[in-house]
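> Spelled out, the chains give:
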Amino acid sequence: MAKIVFCEDEVRIQKLIRAMLRSTSHEVFMALDGVEGLALIERENPDLIFTDISMPNCDGFQLAEAVKAQPLLAQIPLIFVTAFAQRTEIEEGYRRGAVSYLIKPFSPADLRTKIEAFIQAAH
Amino acid sequence: MKKGTEPLYSDMKLISKDHEAANYLDSLSTLARRGFASNQEATVAILQLLMEQLTMRSSFLTHVTGEAGEFEVIAAQKEDGGCAIQVGTIVPGYQNFQRITGKFDEPAPVLLEDLRSYRELASHSTSGALSQIGSYIGAPVVLADGTFFGTLCAVDPEPRQLSLVQAKLLVVLARLLATQIERDQELAERKWAENELARAIASLQTAVEQRNRMDKMQSDFVSIVNHEFRTTLTGIQGFSELMRDEEFGFEEIKEYASDINADARRLSRMINQLLDLDQLRSGHTSLYREQIDLNAIVMDVVDRIRPATTCHSFRHQLDTSLPLIPGDHTRLTQVVTNLVENAVKYSSGGEILLVSQREGNVAHVRVHDQGAGIPLEALERVFDPYYCRIESDTTRYVKGTGLGLPIVRQIVQMHAGNAWVESNVGEGSVFHFTIPLTTTD
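Protein sequence lines correspond, in order, to chains F and D.
Here the first sequence stands for residues 310 to 432, where the numbers follow the numbering used here.
Here the second sequence stands for residues 857 to 1297, where the numbers follow the numbering used here.
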């Protein structure tokens, strides 16, 4: 049972994620870009952050930087959910402080397993 | 042949004075020690030395011109009382004197001690000054590669008797001058070669940069296509797996099926666009020409796209005097569609204005949006097939495949028209295209 913030600019994928997690007891918050996402994270202090990379206004990398810059939020495990799957891009993400990656397209099981793994790690 | 083939020198009176020879050698070595900054400087010095040492009051250098064996005076020096030889004069040179004296192909100097009897011959030349010549000595100036450059000559109105040493001095000076000319030529050639090299390097660098840019655009393109395909597949794979593995109500199933379908169609459209652009660019497509009502196409496209967006308003100013134009209806619809879709996609809201105008012998259509605008350096590049990132490189926000505009330009150009954009960052963009009112074929 965790509080999770998702930053994803495609509304359909937001719907998909909610559908994938409806059988779990996690509390899910959605943001459409990095700006909304940061505000949501500061307000809710979630247990986990999932963020897309390609978003308008403030992309995933910029969001990661902003989150890691705040001591209170830097501990929150951050996972990139993205279609950018090339090695250089993945390495870049880890350099920004991500603890894991979820590559699109992903299965419901992929998402749930990822959450379970990092909720346990956080407690 | 008047004088047979004996060497010339046997006709000369040999004045063998040690001090005279020493004097010449001294003057020669002084000259040789000087560095000359230019051909001109060397020539002047040599001509002056010649006059001094040979006690002849004019000296000049000729350069062979053309096949006729004509020689042009390119430098001349004169002392008081000497013959006035003008630079630019065409003189019968070494070869002609050789003909007069009967000597051919001899590298030796030609000495004519007393020309008074030849004056009539000389007067046939183009310059009256030559008829003043009383004595003449000239030596060939031959370059190291065998090229015959011209002659180094000294003349005087009076007849002169010259010594062997003086003749040899002339030969040495001629060689010295030849060396100077060779060096100058080499310098000029080297400078030319250096320039050519620098130009070649510059153009090679440009080509390499261009190639690197293309490579980067290509890999950017692959990266973007990869991103777009994967994003579209996310919904298809995710929803279908959910439906397969979990229980859902009918309404939910219908909704998810509709989502899958929407993504599948989007994917299909992306693939079609890719193939379309490829076909258009490879020249395998031809246009089906009819008489087209461009205004009707504009209205159709707006009517079709308007319901898809809630943030935009549409306005139009269509020129009712616009005649039917020859064109491919499907393709021109594609052009207008791509431009209007871009206007919707690249502006978060505001008004989209479509204008059509007859201008001379073209139909001119404009699509105005109130989006973020396009920076100056991107204005041409937005029409490049792989140029997709309008935002700065610091953000990774990607919209579309960047193929809409290349397709627009390709189709418009196939109609013998033009497509371009005007934009200012912060003020939105205006996309233009023109189609000629008549075809030329």
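These are calculated hints, taken from the structure and not from any lab test.
It should be emphasised that the depicted structure is a prediction, and the values quoted were computed from it without experimental measurement.
Keep in mind that the hints are not guaranteed to be accurate.
The list that follows gives simulated cross-link-like pairs (lysine-lysine, DSS-like), each with its CA atoms no further than 25 Å apart [said to hold, decoys possible]:
1. K312(F) to K377(F)
2. K324(F) to K312(F)
3. K377(F) to K423(F)
4. K1110(D) to K324(F)
5. K324(F) to K423(F)
6. K324(F) to K1024(D)
Simulated coverage check for chain F against chain D, where a stretch passes if three residues somewhere in it have a Cβ under 8 Å from a Cβ of chain D [to be verified]:
7. 344–350
8. 392–403
9. 408–416
If you only want the chain D side, here are some residues facing chain F, beta carbon under 8 Å, derived [unchecked claim]:
10. H1083
11. L1089
12. G1091
13. G1094
14. S1096
15. D1115
Beta carbons are placed, not taken as given, at the ideal position from N, Cα and C, and that holds for glycine.
> Against this structure, judge whether each hint is valid.
Hints, one by one, checked against the model:
no.: 1; hint: K312(F) to K377(F); verdict: 18 Å, holds
no.: 2; hint: K324(F) to K312(F); verdict: 17 Å, holds
no.: 3; hint: K377(F) to K423(F); verdict: 20 Å, holds
no.: 4; hint: K1110(D) to K324(F); verdict: 14 Å, holds
no.: 5; hint: K324(F) to K423(F); verdict: 18 Å, holds
no.: 6; hint: K324(F) to K1024(D); verdict: 105 Å, violated
no.: 7; hint: 344–350; verdict: violated (count 0)
no.: 8; hint: 392–403; verdict: holds (count 5)
no.: 9; hint: 408–416; verdict: holds (count 5)
no.: 10; hint: H1083; verdict: 4 Å, holds
no.: 11; hint: L1089; verdict: 4 Å, holds
no.: 12; hint: G1091; verdict: 5 Å, holds
no.: 13; hint: G1094; verdict: 4 Å, holds
no.: 14; hint: S1096; verdict: 10 Å, violated
no.: 15; hint: D1115; verdict: 6 Å, holds
Violated hints, listed in ascending order, are 6, 7, 14; each of the other numbered hints is respected by the structure.
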